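Enquirer: When you get a sec, could you build the whole thing from the sequences and use the hints?
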Amino acid sequence: MKTTKINYLIPLLLISGILIASNYSSSFNEYISIEKKTLNSSENKDNFTKMMDVLTHPRCMNCHPSDNVPKQGIDSHPHYFGMEGGEKDQGFKATKCATCHQKENNNFSGVPGAPHWGLAPQSMAWKGLTRQEIAAVILNPEKNGGKDHKGVIKHLTEDDLVLWAWNPGVDAAGNKREKPPISEEEFKKVVKEWFADGAIIPEN
Amino acid sequence: MAKKKISRRKFLVRGGLGTLGVLALGTYVFRNPIRREIIDFADSFVSPYSGTGTEPNLWFEITKDNTVILHSPKVEMGQGTFTGLAQIAADELDIDINQIQVIAASTASGIVDGLGTGGSLSVASMWMPLREMAATIRKMITIEAAKKLEIPVENLSTQNGIVSGNGTKITYAKAVENVTEWEIPDTPKLKPVADYKLVGKPVARIDLKAKVFGDPIFGMDAEMEDMLHAVVIRPEHIGATYKSANFNKAAQMPGVVKVVQIEDWIGVVAKTYAQALAAKMEVDVEWNIPKKWTEQEIRALISVGNGNEVLVQKEGDNLDDDDKEFLEIEFKSPMGAHAQIEPNGAVASYKDGKVTVILSTQVVGITQNQISKALDIDTKNINIIPTYLGGGFGRRLNTKHAIKAVQLSKEVGQPVKYFFTRKEEFQNDMFRPPTHHIMKGKLNEKGQISNLEHHFASGNVAIDSALLPDIANTILGADFGAIRGGSIHYSAIENIRAVQWHKTLPFATSWWRSLGLLANTFAIESFVDELALKGNQNPIELRLSQIKDNEEGIRLKNVIKKAQKEASYSDEVVNGKAMGFACSTDTGTPCAQIVEVSIIDNQIKVHKVTCVMDCGIAVNPDQVKAQCEGAMIMAMSAAMHEKMYIDDGQLQPTIYGPYDMALLKHAPKEINIHLIQGVDKPLPVGEPPLGPIAAAIANAVRRITGKRLTEMPLKLS
Amino acid sequence: MNIKFTINNKPVSIDIEDENTPLLWVVRDILDLKGTKFGCGKAACGACTLHVDDVAVRSCSYAVKFAKDKNVTTIEGLGDVENPHPVQQAWIEEVVPQCGYCQPGFMMATAALLKENPNPTDEDIDKNIINICRCATYYRMRKAIHRAAELTQESKN
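Protein chains in written order, with full-length UniProt numbering: chain A, 1 to 204; chain B, 1 to 717; chain C, 1 to 157.
Quick caveat, the hints were computed from the structure, so don't treat them as lab data.
This structure is a prediction, so every number in the text was calculated from the model and none was measured.
Glycine included, C-beta positions come from ideal geometry on N, C-alpha and C.
Any given hint could turn out to be false.
Listed next, with one range per pair, are the computed distances between beta-carbon atoms [claimed, not checked]:
no. : chain 1 : residue 1 : chain 2 : residue 2 : range
1   : C       : Asn83     : B       : Lys605    : 33 to 41 Å
2   : B       : Lys561    : A       : Gly174    : 42 to 50 Å
3   : C       : Asn71     : A       : Glu142    : 36 to 44 Å
4   : B       : Leu375    : C       : Met1      : 36 to 44 Å
5   : A       : Gly174    : B       : Asn369    : 34 to 42 Å
6   : A       : Gly73     : B       : Gln677    : 46 to 54 Å
Example chain B residues on the side facing chain A (calculated, C-beta under 10 Å, incomplete) [claimed, not checked]:
no. : residue
7   : Lys271
8   : Ala274
9   : Ala278
10  : Met281
11  : Asp284
12  : Val285
13  : Pro290
14  : Phe420
15  : Lys423
16  : Thr654
17  : Ile655
18  : Pro658
19  : Leu663
20  : Lys665
Expert: See the structure below:
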């Protein structure tokens, strides 16, 4: 199974490379007018939907706030004790994210952890945006830290902090945190396919 | 002068723990003070100091380097008692504050207070006995010095731990060296308070340096040789009991020595704490859960009109329910947790039928009795060694968990350190009970309050407490903990009622710093302000007009007037900022507070507090102020943040954060405290300042927003 | 496994079965430094705050393996009676502690704050000092933090 998937993905990645070159634009409206090139419309939309189901899940959204205040839990309440992203998204000067959050989850305390734990930069604030707007922000190098599609794919499918969502550990009460609605493998697959299909943002 | 002689063998001699050439001085004199203190209790609110045992016991030691060690029957939990007691003793002993140390007496070495350490009574109740004891011992030392120096006692004087006269001198340590028989003089005349050099001065806490440099002084820091570490699993649902468990996997985990089920709990004992905790995560337990309680059911239980009714205060007539004129407002307060930072726990050793327990406790003697009863061990074989407490607040008036530590030690044949996880702490607290109040009142045509009634319901505070024999509940009728602050101190009002309704909850509620005072004052003082608004009167002037000019009334009026003046009270709202006033009298200590409040981002912000308190003699004014500051901010935390609730049959939340508490940013930036000495003895300090602030804040918010907040924690929306 | 690090400027080497053991318990029970306190075990109260390479860390939630080759400082290493850290000196001058249990964590958090921000405003203090003190000694703490900043400044001049 694994081999088949990979074989299937390689040509898709190549195609996506071409699409990046030909269709990149910083204008949001132009994204949604991009014509689909390879897969049929229902499959394409399905990939987008699944990808966005993950990205809008609290496991991801909690660290992409629009108010510089990290959120916690499946109910996305503001981080206790008034923690904020601070000037550099890494917490306050002395009480930083890293004061409590380390490189990996801590099963004793229930404090989650992953490399470079912190808030997404303000330019990547997702809270309050529609799925289409979030996708546009992700694709926009001016907002995503200068990433081209390849870079975005790498971030979404390889970054330890992103993939932490599928290894979220236990909370303070020792209960397992909820994972995003699809598996890590499926997420990686739909992300790659979506980009391969031209990273087209459906109208709704 | 009638002199009793007593041989040295009658005094307990303490050894070890780094004191040199230990000489113990015990004394008979503690018997008389007890009797007198009981009489005192009859006409004051200060409960008697009640020591254990009938034999003379260890009070003071004098070490070879001329340091006096006071074995305190009271424990130190932050309230500054050790410092206050050191000041009192040092002044009568004629020693410097640097020449005295204070340690908590263990049951084997000294006298532990039978009533425990609580009720803000430590300094107040020890005031006379300790002065008499110290004065007597100074005399005893002088008598021995006279023998050694061969100078008549009358020619000797004492200063800084030295006895001198006729051009010669001897240290206390030298004077008492090799004494085998003591002459016990009658209690000498005490020094006038005005002559004290330390009492009344802001002496730095004697435990300050230990606490700033991180010395191992707490129960959590205690260790014994070959000690193992234990964690305990308890049911999470209210009223649940043990059904079955599988701990095969846990028992195989690294470092695990034993997993054992006893009664309704499971103990996991391992070489290290982390190993015990890791193994705990692998234990599968099934509990019998007979019922899942809901928040609504608990709130319904605690409701005026439900349970046993006790008339607490009665003057004049009832309000007529058909009277359309009177004002009626309902108030509520939630359950609160103690949430002290040092978790409960104990280090225990059970060996050859002998038990040693080191722990943070407010009830040294009671814990000894509880272990004795539970495990059928004679108290003489149980030594309880109290440490400094990482917070008490009433939580450690019940430290029955020491029994579990002893049981676990017995199971593994080694000493065991067991302490609560934070979740265990929150779910097995002895909570501040929820309360419900109905206030009724009426103004007459002159604008005076003609009727004031406080009808209130609360879960247990004193009732069912280990501090009281069961019989006391029957005699007392009302829950004397829950009624603290529940009576109306506006003595000039003709028609007064205070009626308490009591119901026992399906989980433990008990002593929480200031007991009923916090919630009762919130209800009464919010309501009185509302009456003032109704009558378009200055709320302070209205209050002053409702207090009789008896001794208690004058003291109350004095704190009110002083607060009014110091804060320049005004009932006007200026630039969105308003003042709020409230006052209370608790255990004979009147206290008035004025807060300055504004609303920022829909949050109540307290900028400044003025507090005036008449606590009699302030043995250490700086520490009295520290108690006021801490008590007021703790009360603010309860008033504006804290709330326990029931979800899915469990007490929640189980961790700080979700259990919202005041942080540094919530503390007022300006606190002005003024102490008045209205009586010539020290009165309770640690709890009275918790009374007024919740109502004071609500009264200020009412003036800013027009809205009367009637439920704690106070929220604008 | 064996883990080496320095604690209060002294190199230590410890053998431990579980490298995920929280640093707190290594410091307290193996290295016998009891000044760092256990309060909640959930990184919520801050009683266990110490420094790892000068960064404030809540040690109940910090696996000992992460301390490898790093410098750990506890309250015992912050200063002593003869040579108190300005934060400790300020805490003494303002008579901050009541029960005292949470104070080492607060002092460590404050020392970290002053290192990053030698003259913190009230707002800086409000944001950074978010440990919990049940005795509510907050009023004196704020004064002591400002005083510690002054003392640090004085010692530099």
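Enquirer: Now tell me, hint by hint, if it's right for this structure.
Expert: Now the hints, each set against the structure:
1. C:Asn83 x B:Lys605: 33 to 41 Å: Given a distance of about 40 Å, which is inside 33 to 41 Å, the answer is holds.
2. B:Lys561 x A:Gly174: 42 to 50 Å: violated (55 Å)
3. C:Asn71 x A:Glu142: 36 to 44 Å: Roughly 40 Å apart at Cβ, these two residues keep to the hinted range, so it holds.
4. B:Leu375 x C:Met1: 36 to 44 Å: With Cβ atoms ~41 Å apart, the hint holds.
5. A:Gly174 x B:Asn369: 34 to 42 Å: holds (36 Å)
6. A:Gly73 x B:Gln677: 46 to 54 Å: Because 52 Å falls inside the window, the suggested range holds.
7. Lys271: Violated: closest Cβ of chain A sits about 16 Å from Lys271 of chain B, beyond 10 Å.
8. Ala274: Holds. Min distance 7 Å.
9. Ala278: holds (8 Å)
10. Met281: This interface hint holds because 7 Å falls under the 10 Å limit.
11. Asp284: With a minimum Cβ separation of about 13 Å from chain A (threshold 10 Å), the hint on Asp284 of chain B is violated.
12. Val285: Interface hint status for Val285 of chain B: violated (13 Å vs cutoff 10 Å).
13. Pro290: violated (23 Å)
14. Phe420: violated (15 Å)
15. Lys423: Check passed: Cβ of Lys423 of chain B comes within 7 Å of chain A, closer than 10 Å.
16. Thr654: Holds. Min distance 6 Å.
17. Ile655: holds (5 Å)
18. Pro658: With a minimum Cβ separation of about 7 Å from chain A (threshold 10 Å), the hint on Pro658 of chain B holds.
19. Leu663: Because about 7 Å separates Leu663 of chain B from the closest Cβ in chain A, which is inside the 10 Å limit, the hint holds.
20. Lys665: OK, holds: Lys665 of chain B within 10 Å of chain A, min 7 Å.
Hint violations for this structure: numbers 2, 7, 11, 12, 13, 14, all remaining hints satisfied.
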